[in-house]
Structures are given as C-alpha cells and as structure tokens.
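Chemist: Chains as they are written, first to last, in our numbering: chain A, 1 to 420; chain X, 1 to 420; chain P, 1 to 420; chain E, 1 to 420.
Simulated from the structure, these hints should not be mistaken for laboratory data. The reader is advised that the hints may include incorrect statements.
Chain copies aren't distinguished; within one or between two, either way the pair holds.
No more than 30 angstroms apart at the CA atoms, straight line, and that leaves these computed lysine-lysine pairs for DSSO-like [stated by the list, open to error]:
hint : residue 1 : residue 2
1    : Lys401    : Lys37
2    : Lys285    : Lys229
3    : Lys144    : Lys41
4    : Lys45     : Lys331
5    : Lys229    : Lys37
6    : Lys287    : Lys229
7    : Lys285    : Lys41
8    : Lys285    : Lys401
9    : Lys314    : Lys37
10   : Lys401    : Lys314
11   : Lys331    : Lys401
12   : Lys229    : Lys41
13   : Lys331    : Lys41
14   : Lys126    : Lys287
There are 4 protein chains.
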Amino acid sequence: MTPKVEAAVACEIRDLSLADSGRRRIEWAFHSLPGLKSVRKQLIKTRPLEGIAVAVCIPLTAETANLLITLRDGGALLQVCAADPDLTQDDVAACLVRDYAMPVFAVQGESAVEAESRQVLAVDNKPQFVVDENGQLLRQLVRKPELAERLSAALIRSGAASGSPAEIPQIPVIRAGESISSRLFGDRYGTGQSLLDGIIRVTGLFPAALCVVIAGYGGRGRGLASRAKALGASVIVSEVEPVRALEASMDGHRVMSTMEAAALGDVFITATGSKTVLHREHFDKMKNGAVVGNAGAAALEIDVEGLARGSLSKRQIREHVEEYSVRDGRKIYVLCDGKPLQAHLNEPVPAAVLDVGLACQALIVEHLIRNAATMTAGVHAVPKELDQQAARSKLDAMGVKLDRLSADQERFLAGLSGQS
Amino acid sequence: MTPKVEAAVACEIRDLSLADSGRRRIEWAFHSLPGLKSVRKQLIKTRPLEGIAVAVCIPLTAETANLLITLRDGGALLQVCAADPDLTQDDVAACLVRDYAMPVFAVQGESAVEAESRQVLAVDNKPQFVVDENGQLLRQLVRKPELAERLSAALIRSGAASGSPAEIPQIPVIRAGESISSRLFGDRYGTGQSLLDGIIRVTGLFPAALCVVIAGYGGRGRGLASRAKALGASVIVSEVEPVRALEASMDGHRVMSTMEAAALGDVFITATGSKTVLHREHFDKMKNGAVVGNAGAAALEIDVEGLARGSLSKRQIREHVEEYSVRDGRKIYVLCDGKPLQAHLNEPVPAAVLDVGLACQALIVEHLIRNAATMTAGVHAVPKELDQQAARSKLDAMGVKLDRLSADQERFLAGLSGQS
Amino acid sequence: MTPKVEAAVACEIRDLSLADSGRRRIEWAFHSLPGLKSVRKQLIKTRPLEGIAVAVCIPLTAETANLLITLRDGGALLQVCAADPDLTQDDVAACLVRDYAMPVFAVQGESAVEAESRQVLAVDNKPQFVVDENGQLLRQLVRKPELAERLSAALIRSGAASGSPAEIPQIPVIRAGESISSRLFGDRYGTGQSLLDGIIRVTGLFPAALCVVIAGYGGRGRGLASRAKALGASVIVSEVEPVRALEASMDGHRVMSTMEAAALGDVFITATGSKTVLHREHFDKMKNGAVVGNAGAAALEIDVEGLARGSLSKRQIREHVEEYSVRDGRKIYVLCDGKPLQAHLNEPVPAAVLDVGLACQALIVEHLIRNAATMTAGVHAVPKELDQQAARSKLDAMGVKLDRLSADQERFLAGLSGQS
Amino acid sequence: MTPKVEAAVACEIRDLSLADSGRRRIEWAFHSLPGLKSVRKQLIKTRPLEGIAVAVCIPLTAETANLLITLRDGGALLQVCAADPDLTQDDVAACLVRDYAMPVFAVQGESAVEAESRQVLAVDNKPQFVVDENGQLLRQLVRKPELAERLSAALIRSGAASGSPAEIPQIPVIRAGESISSRLFGDRYGTGQSLLDGIIRVTGLFPAALCVVIAGYGGRGRGLASRAKALGASVIVSEVEPVRALEASMDGHRVMSTMEAAALGDVFITATGSKTVLHREHFDKMKNGAVVGNAGAAALEIDVEGLARGSLSKRQIREHVEEYSVRDGRKIYVLCDGKPLQAHLNEPVPAAVLDVGLACQALIVEHLIRNAATMTAGVHAVPKELDQQAARSKLDAMGVKLDRLSADQERFLAGLSGQS
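So here's chain A without its partners, still in its complex pose (with noise of 0.2 angstroms):
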C-alpha cells in the first residue's frame, strides 16, 4: 500500500516528495530543542558513535526526528522504524530519508501487522545498539538470535516495558523513562499543560468560573490540577492515598471523594493509573453537560460501556466530543471515548518539554557505548550525572550561568554528609 518512492537508501516511507514540509517541521522543532542542540554539537566534535549499527523504534516526528539526526551526526549507521504508526509523520520520515539518507521505514496509520513487519526490517542489519521504545526490537532480536549477535546493549525509552523479563536478552539496558529529567519535565511540566490545552481546545470551553475535578494526585494529576487553577478554575481533587490528598489540600486544592465532587464538577479528568474511577453512580450525580476525561495511561479509568447502557442515545457533537443523553435528560460529555487523552488528543507535547528527556538519551546512548562493555546484563538505572549533563546542556543553551562550588565549600559539603 506504500507508494514507490526513488530513494538513495533502503526504506519504505509515505512520499518522498513531502521532504520539504517535514524539513521545516524538523527545523521549527529545532529551536525549541536547545539542549539536544548542545548535546548535538559535541557527539558532531566526538563522533563517539562512530560506525555503530543503531537499530531505532521510536513515534516518528518532528521532535525525535531531531534525536535521529544527533546520533547518525555523532557517527551512529540507523536504520529506524515507527513505535506507533498513528503518531508516524509522513513527511518528516521522507526529511530523514532524502536529506540525511537515514533508511526509515514507517507509514503513517499502517495495521499493528505492517508495523511489526517493518520493525523486521529495522534490525536486518544485526544492530550492535538498539534504542527502543517499549521492547519491541528487543522481542524481535530475541526471535531472531541470528540478527542478535552483535548486540551489546539497549535503551528503553519508556518507563515500564510491556512483556516478560524472559523476552529480553542478556544485556546491559537502560530505561530512559525513568530518569528525572523525563519524570519531572513530562508528567509535571508537559502534560498537565498540554492535556488541559487540548482539552479547552476540543471542546471550547472556558477554564476561568469553571468547576474542575481531578482524579488523582500524583505528578500529572498535580500538574493539570495547578494549570487548571491558574488559569482561574476552581479545582477539587481527589486521591485514595492520605499524604497525596494533605498535598493537594495544602496547595489550595479542595479535595473530597470522587463520589461528593461528582455533583459539583464541571469538568473531570481521570488521572490514576487503575480502573472505573468514574461509574454510573458517578454520572447519576453528574450536572447537565458535565464534561468527562481520561488523562490515565489505559482506556479503563471512565466506565464508558456503563454510561452508554444508562443512555438512551448517543451521538457525535464535536470532534473527539461524544454525547450521552442520560435517561433523566441530562447530557453527559465523553472525550476521546475515555480513551487516554495525550494518545488520542493529537495535542502534541511541546518540544521545549521533550528537549531534556531527547538530550538525556543521546547522552545515554553515547555513555551506553562507552560502557557496555564493563557493564553488568539486566536493567540499570539511568547515571544521575547523565541527568544533570541533560539538565546543564539546557541550561547552556538558555544562557543559563550556575553557580559552582568553591573547593572550599565542596570541603565542606563532603564533611556534612560523611558526619550524617
């Protein structure tokens, strides 16, 4: 179903042709992405990854598209297919392709089966590194021992791999979802703005007046609970766990059970991480119009079947906008289908959010391949310097000067935590 394209490198792409609006996408992400810039322009003096074959399954757009480069430019030989093929950008994969010969196979909204046949194609030239999204090169290595051999080590970019241990090979993995630049600049920074913006957006409404409710108050439950607010919302949360909700109490929160805030809600996100945290008897509590959302990382926080079988009809309002009419008359608003809303919102995440987690993982590619070798098999934290030069490179670029350390002051630092 892929159109023929005349390439200079093995791939299997949308449209070549689309080159050039992916350049500018490619460019226009660039500048917000100054410590991957840093990060970029010392691999292009070190060249660490010279000759390294490099398998890479990662969302394809405009943001890593910008990793993709800084590696293949400190000397790395990819070959790079898509982790999710809905989030594929066609024209920047056909960027990659014709400007920077980087054999990219992934089409935008291709079947779970063309996916994984391209992810095939991703490792046929026996990766001596492979950084993948969620283990899926790592499964297809396991399969394919023949494609393995030469493979010494891995990062995942996710925090948590689907799959059983027993999938991965025996070899030193990184787990870049884990690090504190990622945890702290996705959950607290990125999503809570950039779900609360693509909520306002799909549905037109007005944060300031409006009553909104949280579920969950853990990092992007806080984060949407104090964009929210900022923007002049009155904000209730609720949590299951004690010291969370003293948290959101003192941040100026009211929190109360999901049960009592189903009643005064205008608006409710879902963030919790579990399942049916809004239910029928949720909704027969609900206002007329209430507006209902899954900021969860599974489609299962927001008991949707159970809404449609209190309905007596539904239909499509708004764009990702469902209504339910509910026995009673009110009408009751779904986003996304409950489904979660940063995978179905096609809001994209800011780059200037995804800047420190990509210079993260360049950093720990390069300190991977240094490494591998002296390093123990099985799963490894990521090096908290490897976050603080993550951290600095942006710093860099923003023109931002830290203070250092007199030797004496380190003297006396040192002396503190010994005497502890």
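Following the hints, put chains X, P and E in place on chain A, whose structure we already have.
Modeler: Then chains X, P and E, alone, in the frame of chain A:
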C-alpha cells in the same frame, strides 16, 4: 457564485445541506451560554419583540446564532447579514435558515462587495430596529431613506464606530461594546487567554521558562501578562503610562522600556493601540529565534516592512508563522504577518467569555424597544442595570447566590452616600 | 501630663530624648519611600514652598514624617499635630523637633480632648495652607476666623471627610484620598496583604488548606482574596453586586451567599462597607473554631453584640482574639472585637505601599500653592498629571524606564481619539 | 535562680502562677492541631502507653505541649526537659505542671549547663522509652547506664543527630525528622511562608515589585521562592545543581549565578546548606539598601565578617537588622547577624504546619512501644503507614473524605505492579 438552495425563506447562503452540522455547533455553544439561555427563557415568556422587524449585521457564528435565536424567540422578525465574511460559518447559516426560518444573507469568504450587496438585502424589510456591528446597516439606511422610515433605534455592538457621526441616523443608539461586561469579560478574561492559547497552538511553544514581553498594560496586556505568568513564563511589561507601569510592577512583572526588553525576550506581543511599537532597532537587538505578534487593534504595531527590508530572505515555516533571516544570520519569526492576532489566528473566543456580552445585547434590544419612544437621539451609554441583569442571568445559570441587602442595610448605605 | 522637654522650638511631645530612636525609624522608612525621595530632591532644588506657613494634621509616623521633612525641605514653615493620637510615634515626634526644628504638638495615647487642644496650637501661626486628615484643622479655622485670614488652600488626605460642607472654608480643596495612586496602592495592593499578614500574626493561623470567606469584592476584598489564594487558601467570596460577583468567579474564587458560606469557612473577613454583614444566623451555622474579623471602614459589619447574646461566656484567648462559647458548645473567635482590623491590629502599612500616595501629596501641596489663586473654591479632583508624576517618581527611583511616545505615535493616537 | 513553686509534682520551672496564660496558649494551639487531636482521641481509648515511663527532651512550646498531653492521655508517665532553653515558654511549662501533674524541668533562657542538669533530672525515673530531640537524653543514658537498664526504644525528633553513633545505646531508634510529612509540611509549606512573614515583619518591606534572590532551590528555597512570587515579587534563583536550576526555571523564576544576581536583588536569602554563599564580591555589586538574610541551617552562609571588614561602620537600625555602611557610601542590611533566621527571628512555625509531624510522632511512640521487642537495634525509617495514618488523621479532622480502592481496583493495581 452562491450555490442554489431550496429554502422556505428568502436567503443567500452556501449550502442548506450543511444545516445538521450547524445545528450541532449551535447546540454545543448553547451549553456555554447559560446567561443568554436565562435571558432567552424570559423573552420567550414576555415576547417583548413581538412582530418587530429587526435587521441584524453580525459576525455569523455558533455563538451569535444563539443571540439571533433568542431575539426570534422574543418575537422579532429578523433579517440577517454578516459583518465579517471571513468569520461566517456556512453550516450555522444553513441551520438558521432551515430550522429557524430565518432570512440569512451570508456566505463565508465572499468579497467585500458581495457582502455589502447582502447588507442591502438585509434591510429591505424596512427595519424598525437595527442590531449593527460597526454602523454598516445604519450607513445603508442613511443612503436609502425610504427603507429607514420605520427605524426607531439601534444597537451597535462594537466599541468604536467607524465612519463619521453624519452617517448615523437621528435615532437613539446604544453601543454595547462599552458595557462593563463586554470590556471585562472580553479583554481582561477572554482575550488574554484565547490569544495566548492561539499563539501556543500555532507556534508549539511552551511558555514555562520563556521570557515573554508584553508591550502595553491595558486590559488586553494585563490578561496576556497574567496568563503567561500563570503558565510559568517570566514576563516583562513595557508601557508609556506611569500608573500602569507601576501596577505592572506591583503585579510582579518586570517593567522596562521595549528597547531594553528587546534583547531579553523570547516572545514579544504588542497590545498598545499605538503604531510602530516594534521596529528595526528592536529587531536588531532580538535573540535568534525571537517570535513577535500583534494583539493590538490595527496592523500597525509591528513594522514588518522594516523587518523585511533588513532581512535576506523570508519563508513560511508553519501556518501563521513567517521566518525572517536577518542579515547577521539570526532568524526572527512573525505571527500572522503582524496583523491583529485575534482576527487572524482563527482562535475562537470561548462561548463562555461571550456569554454575558450576548445576554447584555439581548437585554439592550429589549430595553431599546421598550424605551425608544422616550429616548433622545444620539449615542447612549449602556444602562448599568442591564449590565447587572446580564451578570445576574449568568450567575443564576451557574447556581450562584448573591447576598441581598436588607432594608436596614439599604438605608445605611443610602445614608453613607447621601453624606459624602 | 506631657513631660518637660527642652527644645529649640515650641512643641508638646513625650520626650525629646527619644529622638535617636525616631531618627533610625525615619531613616529606615526613607529607604522604602523612593518615590517621595525623588520628589524631595526636586523640591530641595526648586523650593516652591519658601516661607509659606503650613499647618499639618496627620497620623504621626515614620512614613508621614518623611512627608513633613519633604515639605520643610521645599521651604515650608510647618506646625504639626496628630490626627490619631493612638498612632503617634513619640520617638518620631522627638526627632522632628530635635533634628528638624519642627514645632510638633502630639503625644501618643492622649485623649481626644487633649488632641484637639493641640490642633488649636498647630494653627496659631495663621497658616496660609493646611494639610488636613479629615477636616479637623479646617473646622478649627472655621471656628476661629481670625486665624484663617491668610488661608488660601487645603489638602485633605482622607477619601471621605467627616462633617458637613458648611464646616469647610471657602477655599480650593483637593482630596488626596481619591487619587488613583492612593486607591490603587492602598486598597488593592497594600491593605490586602497587610491585613492578611496581621490576621496571620495575631492568630498564628496558616492559610494553606483553610477556607477563607471574604464578604465584599471591592478593592480591599479583591486584595484579601488574591493574597489568601496565593498563600494556598481556598477562597469563597460573597457579594450583593452581580458584576463583581462574576469577576470573583472568573478570578477563580467560589461565589455564594454569606449564609451558604457560613457553614464552610474557617476564617471570615468582611470588607463590604455595609452593616450587620455577619449576624446571629451566620454564627449559628459556623464551624467550631471559626474566626471572624472586620476589614471594613466602620465597626458595624459584624454583629458582635448579637454573638455575645447567643453565647454562654467569652474570654480573651490571645491578644486581639476573643473567644465566644456559643450555647451549643462551639467556639467562635472574634478579632479586635469586630472593630476595623486595619486600625486595631497595629499592623503598619508598609512604607512602600504609602510611597506613591505620599509623593502625590507632596506634589499636590506644590500644585495648590502654585495655583490656588486661580482655582475656584470647593473640592477639586486630584489632577491626573500629579498622579502620573508621582508614579513616575517611584519608577525613576526603581530604575524603571518607560517607553516614550514618538512624535509620530502621538499624532497617531491623537488622531484615534479625535475620531471616536 | 528558679523561683520557688509549690507544685504537686517534682519540677523546676519559672513560676507556677503563669499557668493560666499557658493554658490559653495550649488551648489555642490545640485548635490548629486537628490531626494530633484525632490521634489523641484514639490513644485515650486504647491507652497503649499505660504505665510506661517516658523521658522527653523537646522544645517546650504550646504546640509540643499538646504532644506531651497526648502521650500522657495514652497512659505514659512522662518526665520532661527542654531541648532549647531559648524556646521554652514558661507559662506553658507551668500549665503542664499544675493542670496535668507533669514533672517538667525547664526554664526559659537558662544556660546550657543548667539545661543539661535538668536533662539529668528528666531521666532519673529510669525511662523505658525516650523521646529525644537530637540525642541529648540518650547521651545522658549512655553515661549513666544504671538509669538505662529499662530502656527499650527511642524516637529522635530531628532529621540529623549530632554526635557519633557510639553515643547511642543499642536499641531500636526511629528518626521522625525524616518522615515524609515532616519534610513536606515543614520545609515546603511551613518554612517558606513563616520565614518570609518573619522577614516582612522585621523589615517592614513589601514584597510586591521587589526583586528577591533565593540562593538554593531545595525544599526551603522552593517554599521561599513560591511565596515571594505569590506576593508579587520578581524572584531570581541561583543553584549549583542543574536539574534543580531547570525546575526553578520551569516554575517561572529567573535563574542565574549569585554573582549576576548580586547587582539586581533588593533582598537576598540563602538556603543552600553550604557556606560563604554571599561574600565580599557579592556585597561589592549589591545595590544601596540591599537586605541579606540566611535561611540555611548554619551561621555560615553569609560572610558577615567579610562585610564588616569592608565597611566603615555598622549600627543596629531596627531589631534584627544591622546596617553596614560600605566604603563607597552604599548601605547593606543584614538580618540577625547572618544567623539562621528560623531560629533567630522568633517567628513561630504555625501550629497547622507542625500538626501532621506531631501526630506522626505520637503514632511512632505507640508503634515503638508495641513493636520494640521485635525490632533490631539501630536506626529505623519511619514506617510509611504511620505517615499515611498521620495524614489521614488530619484529613479526618478537616472533614475530607478520601476515595477507597474497591476490591476490583486493588486487584488491578496489584496486577500492574506485579507485572513491572
């Protein structure tokens, strides 16, 4: 050029078959217009506009459609044309024709000449009353006195009429744009957020950690500054008026001259109402990658031509974003060619923000029709009670209870004001 | 009862030996009065008040002392008495006498009768000009016309004069309390924070996680609400006026009737300007431990007597805090017996907040003396230029640069306003 | 030097007749300690400490008195001495002796030698259990093993013990200062506000429009920065650690080196835990009138001696404020001689902030007594359940309802964590 439509009433619209889509839009907007809804309920009961011919010139959107329906439900016989053809929503027009039998003359994107010809159609029923945007219909009626013979009063929606007083007939006129509720909920709450949302959307920028420079600290500048700060930006304000400058400073923003700020900002937004606020000397000092946009009323605040003269080349890098390559290698990004962002970003003002203003306009129409006979010709201020009634309608709809003064308190307060 | 002091000028003060302490206070306040400092520099150069006899009645504090010194440095021959004996700082008075040879008649804590006798002394120099707090000195001069024969103009500092117009001589008068800068920096920025600080101080309460109810959303209520929210409180606002109620709602506060709020609040602050805002029915609904205080202008906003009648006993549990044991066992805490907190908490308004107002008053004095001859008798508004000049003085002192309109911009703006 | 008191129990206190005042203070604090109150109710029912001899060394204030009463009501036989004589409230001590028959050995302001002699008295009952501040009582018991023979466990309240491990007996010990609730509600919410309040109080400064420089972005620095920003200050943060610096930047603060900030700040607060953070080179760049204070743990963060050497003179201009006249004519103001502000400003930490920590300490005592027999000797972390139970006690008292996981949700979440 307008396609044929088969409708039960006279009309000139794009396509009657779009009415379903328009209906969904109108209904969705209605959910965010509780204040107008509450006024509508009352007009349905009292029918104060029964049988009165009203010509309306208005930007034709899902939100203003609800004002039209409210006036119709109050008994008015409407004829409607579009104030700004670019903003006309063809599906909304179709729904008004099909489902409300409203004579509508408006097609999205038509030329100024076509638009004017439709204004003529809109007044061919010898209106007794006019709801006008900027005085367009009134000017038509001055030119065709035979159509104006029943004319008894007018509401002008915008704050400032274009054209000279000579072009306004000798009737009582109320300018709705000067109502407290319009200014308050328009500029202060509405524009600040929706413009900032629009800028974030078209640029993909993330405000946290950016330095945002706002030129001008009027209602709009204040709204922009407070929202940018709420989203984590570091805000700089420039002003010419010292009391405003001091307020900005007490509000926690840094205040300095635009020239000093030029070297510090990542994003610049002008909201002064003046001209040439950002010019060559500022561009010369800006950082590589600086983004500039104009939130003022006219296209004069940013000297885009000056920037072009100082640039080697320019290209469109994203929709609404033009990249200028300045001679020294820096790139400067201009939003919407320096034209007013609110008109050119296609960022809809949220219905909730328009609600009180629309409710107030419906009340003004009722007021004018009841009182036109006893009012003097010329421009009148919006009666304070109407502003309060509009606000009260919204609060009622939100379920908010106000305190009421007891007789004793009223006497006490009357005594106080008598004394001073 | 005043102890003997040996001073070079006529005076009636507590103790000249306190002058060192007073000097330190005056100097410290001077650091936070950069706007006044800047006006003072200018008056020292131009000496516009050279040799003019000025009688002053003012609350005698370190901050107002700097205004007195400024007027003296501008050439005035001052005689000074205290507007509110409770606020008189004896050490400051001593310093003015010893170091500035200023005739001061003021002793902390003296009776109203004594204070009035000193007002008489303050005008015994047949003042040409009066700086009055509420009209006290003017009333003396109406009674003793022989002392008023040189009187040519007056500045009244407060917003509202007590007493009838008949008691004001037929001269030009400017009320400084109505200047933009006084209202802005007094109510909006100053009072909100300093009252909240005072309440926190006397109660030891911690605003985060508390529910704070503000009755009234005028300047002072807004300031209180925004500061309480900033400190992590959940704020409820009650109002009688719908536009203000809607603003409160858009500002992110919950709005409801005082009666509904009664059951929810931990702390209640009235700032309405009305009377009996909190009464028996509210007290009946309050939670055990509720704290109530009055930030209004008169001691009438809280019905303390009604609370007392409904209580079994009361006792002072902390300075400024009275505990009422209500019949059902609950305890309610009243601050300062329901009297206006700003006057009774002894919470000094920060000098920085008073600065622009004091600078403006110095400029008004200069203006009156220059222009009294050509001004009509009666009350005049504060000229807008003086407000701006005062604000500019402060900005200059802060090193803030304003933009200046170019000739082209001035023409453009003149054109705009000419047109409308 | 202690005056004779006639008390029913052994004690050494200032004056038994102060008990009424102490009683009012204890009762008032009790209102802001709902979490502790809730634990107390439970201990009254279960009496888990029945007849157990407990020696306590604690700062003796109205708040900690409520912890003592809680332990007594749980059945403990207490003997109490003061951890820091400067903080001892004599009236509180008197109330504990008179109304609770508690043997208290503590007098405000006594010398370290006297204080130590009273520590010896506090352990003369051969305590089975010790509540210690920093290890003082444990050191006494190591020296007098005959008194330690019944000793089975200890709670140390502070985060870091002074003294070597050798000085701690071989028993199970829990350090309460490391509990989540202590760190969270102490540093993040408590210290930020109370320190800023204290600085505002002693200086009379008004944060709005001031530039406040915070050195160090740990818990305390964050709290200071967010409160200062909330009050309208423009905040600059300096840091040595890049991730923290980036967080500060995303939180909307400007970040730069302390040296760059030196020329910009109006107020400087150090909160680094390091030494010599502000020194001669910084002072040389500061504006005239700059104010510096130390919110760190030790008196080393500001080089006050260096400032003194570079100054012509110094004098105390207000309580807690020293004015240094630098050679070039500028004046720099140092708070509390550069000593830690939290200890020297006499700014009480609000009871509400201490509540969860005190509740947690009461729960730890109960936990230790129940479990000491089966715990190993050495330092143990605070069990997470106790933190949660303390938080829950507070939420209960606030009337906040948490969500509870359904059996289905628990299974689901267990499945998730089993999988990863």
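Chemist: Checking against the hints above, which ones are violated?
Modeler: 3, 10, 12, 14
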